[in-house]
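Asks: Counting in the working numbering, the sequence shown runs from 1 upward without gaps.
Hints should not be assumed to be uniformly reliable.
Claimed, not checked - The calculated lysine-lysine pairs, modelled on BS3-like cross-linking and capped at a C-alpha distance of 27 angstroms, are:
1) 320 / 244
2) 335 / 244
3) 125 / 87
Quick caveat, the hints were computed from the structure, so don't treat them as lab data.
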Amino acid sequence: MGNSSLAIKLSKSAETAVKKGHPWIFEKSITKGPANNPQAGSLCVLFDRSNNRPYAFGLWDPEEIIRIKVIAHDSKLQLSETYWIEKLEVAKEKRKLLLHYVTGYRAIHGENDGFPGLILDIYDKVGVLKVYSKIWNPYLETLIQAIPSIFQVESIVFRLNRKLEGSKEFAYQQGQVIGKKLSNERIPFSEYGVKFYAYPISGHKTGFFLDQRPNRYWVQQHAKEKTILDVFSYVGGFGIHGLKGGAKSLTSVDISSQAMDVAMENLLLNQLKIEKWHPLVGDAFKELENLIQSRIVFDIVVIDPPSFAKQNSEVEVALKQYQRLAELGAKLTCKGGYLLLGSCSSRITLEDFKISHELAFQQTNTHWKIVNEILHDVDHPITYLEGIYLKTITYQKS
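Whole structure, please, built from the sequences with the hints as guidance.
Replies: This is the structure in structure tokens:
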């Protein structure tokens, strides 16, 4: 870690954004930088345009349009093993209270914890390190030596984005396990008294979707003697919390039969009554239409789809899909019942998300009040506007 640092100056607007806490510096914003293209992970010192004093530090990414990723908004930084270890310890401390209730959580949330392009999720004694950029190549050895003792894990599984998979320049491989070998890829963990299996090598993301935890717990707390419809149910997160909370019945809808198989595993893991569960494998929109035609209504309806807008050009269509789902959900929720609507797209603003619901409720001539609104849990901290991606609103039908 003894490489010399790069002196950087930015355009006025970019400097202002970074000083306000933004973690991304685009190539076109750099007004003074290195003559050549240094190696990934080189330390960048950002100097003030007017007084030449340092105000932030970042890591150079030679292959990305976001050329510098900020790791610290500060006037001093000594990049060393100690620096990274202390940052890991700070991240752990932020999550201290949560760890009384869960054994599955996000330990490092990228830019928001000062680790841009890096995610660390913990599933009991297994850590899953998702790497999105080569900037971490020079520092991964230090991190994988420190993570086990700080986060009490015995194994670290590497997950790489597509650009890094198979890269000869990158030190680790997709699915590589450091430390104790996994006797079984299926890793059990718990949250608020409910157990789930994570699949850290073959599963989506890092093996499970941890971010909706507080809303799953809300369902558990309100489920007693209720009928529940869980749409885009994946491996059963919301519904299993509901059954654990005493729900009368659970209907799950997902297009993936494989996900339903894992949901069954999770049901059995929690020793829940299988006869209360009614899985429907198929297109969510069509299955909801079928339920409406059957004149069935539910006490709690959860609709938490995958991202509909992965790029800006998809936003308009996505909002129409959210509106349509809210319309279908409104028709399937009984009077006094709850409708939980989620979006995991950063390109959909909270305001636009709410407007899509208002339009849906007008269309269905139904009346609702918001009873719960959650963005991100403590293990998914947000330090910049674009970092907000998860929006979940629970309505009660009047």
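Asks: Each of the hints needs a verdict: does it hold here or not?
Replies: How the hints compare with the structure:
In summary, the hint linking residue 320 to residue 244 is not supported, as the alpha carbons are separated by about 34 angstroms, beyond the 27 angstroms threshold. For the given pair, residue 335 sits about 24 angstroms from residue 244 by alpha-carbon distance, which is consistent with the 27 angstroms threshold. Straight-line distance between C-alpha atoms of residue 125 and residue 87 comes to about 20 angstroms, which keeps the hinted pair within the 27 angstroms bound.
The earlier numbered hint that this structure contradicts is number 1, and it is the only one.
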